[in-house]
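Colleague: From just these sequences and the hints, can you work out the full model?
Every letter in the sequence shown is one number past the one before it in this note's numbering, and letter 115, counting from 1, is 123.
In case anyone wonders, no lab produced these hints; they're calculated from the structure.
On a predicted model such as this, the values are computed, not experimentally measured, just so you know.
Here a beta-carbon is modelled for each residue, glycine too, at the ideal position from N, C-alpha and C.
Among the hints, erroneous ones may be present.
With beta-carbon atoms standing in for the labels, derived distance ranges [stated by the list, open to error]:
{"hint": "1", "residue 1": "Asp67", "residue 2": "Pro143", "range": "43 to 53 angstroms"}
{"hint": "2", "residue 1": "Thr106", "residue 2": "Pro136", "range": "27 to 37 angstroms"}
{"hint": "3", "residue 1": "Cys132", "residue 2": "Ser105", "range": "19 to 29 angstroms"}
{"hint": "4", "residue 1": "Ser74", "residue 2": "Thr25", "range": "35 to 45 angstroms"}
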Amino acid sequence: GYDFKVDQVELLVYETTLNSGFSGDSYMHLIQESLPVNAYTYFSSIQKVISRTGNMFEDPPGKVRSNIHNMSDPEEDVFGFFYAADSDTIRVFVDASTLPPGITPYCVGSGQFGNSYISYCQDCRIDPASTSVKPYYWIP
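Modeller: Printed below as a string of structure tokens:
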């Protein structure tokens, strides 16, 4: 077998409240990027600088060195860090029946006739973000 050593940092990037948008089955696209050690060190240093509380035990504030430089003015401080990263995308199917109870569908009619629904609940192509092109991963 192979012996892999993985340096992994778990950091919450995004969190959302479940609402009516999750009332139906859906797909989520998750993109994970690898981050080189020097880029991680840079962004960690930035995080430390912006989250200082003034505690006497904290590291003193200082300049965070970048790998980007102004060729016209080498003395100018430049903010940012250039790096290349590998990424991987996965699609996760979210089955609405597995979600906690109490998430009400957005498109619930108030009567038995079609016109009791909001217009884009009858025809989702009205939504500006809609498309009639099926994604390549779609299973008919």
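Colleague: Of the numbered hints stated previously, which ones are contradicted by the structure, given in increasing order?
Modeller: none
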